[in-house]
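*Asks:* Required output: the full structure, derived from the provided sequences and hints.
Residue numbers for the sequence shown follow this note's numbering, beginning at 1 and rising by one.
Misleading hints may appear alongside valid ones.
What the hints assert, rightly or not - Just the calculated beta-carbon pair ranges, DEER-fashion:
hint, residue 1, residue 2, range
1, 143, 5, 21 to 27 Å
2, 40, 8, 42 to 48 Å
3, 133, 104, 20 to 26 Å
4, 56, 120, 22 to 28 Å
5, 38, 144, 30 to 36 Å
6, 144, 48, 27 to 33 Å
Just so you know, these hints were derived from the structure itself, not from any lab. Built from N, CA and C at the ideal position, the CB exists for glycine as well.
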Amino acid sequence: MAYYTWILAFHVMSFTSWMAVLFYLPRLFIYHREHADNRAFTEVVQVQEYKLYHYIGVPAMWATIISGGAMLYLNPGIFQSGGWMHAKLLFLAFLIAYSFSLNKIRKILIENPYYKTGKYFRVYNEVPTLLMIFIVIMVVVKPF
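*Replies:* Next comes the structure, spelled out in structure tokens:
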């Protein structure tokens, strides 16, 4: 299973790319919302939001899911190593839902640049950080 470590490396790189999008896209939403009166600025931010989500975020998310699935297929015994993998997959499901929610918010901001507040997006921006912390702890520490 020498190729397993190559898949793992690809998985880590994909996850890192996906997390970068999940960290930065809400920051763009903050700029979008706080400069809603400047139409020229928001048009530029809308293009950035679209490209970041569709050109980097979605491919990185699917690469993470597919490579993770491949590792589970190659090592199904990992489910007997404790509940940590089940917890990780639960947090992953929340992360996927969060990712899709960003696209929904992106579309809403196009129609209504005054949607929510900058403070709301600052708080919303912390969700992937918390999920990432839980996922990394489950994988590295394996607390149960």
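*Asks:* Each of the hints needs a verdict: does it hold here or not?
*Replies:* Results for each hint:
For the pair residue 143 and residue 5, the supplied restraint of 21 to 27 Å holds, since their beta-carbon distance comes to about 24 Å. The hint said 42 to 48 Å for the Cβ distance between residue 40 and residue 8, and at roughly 45 Å that hint holds. Hint check: residue 133 to residue 104, Cβ distance near 24 Å, so the stated range 20 to 26 Å holds. Range check, residue 56 to residue 120: Cβ separation about 24 Å, and the 22 to 28 Å hint holds.
Between residue 38 and residue 144, the C-beta spacing of about 50 Å breaks the proposed range 30 to 36 Å. Evaluation of the 27 to 33 Å hint for residue 144 and residue 48 yields a failure: the beta carbon distance comes to about 41 Å.
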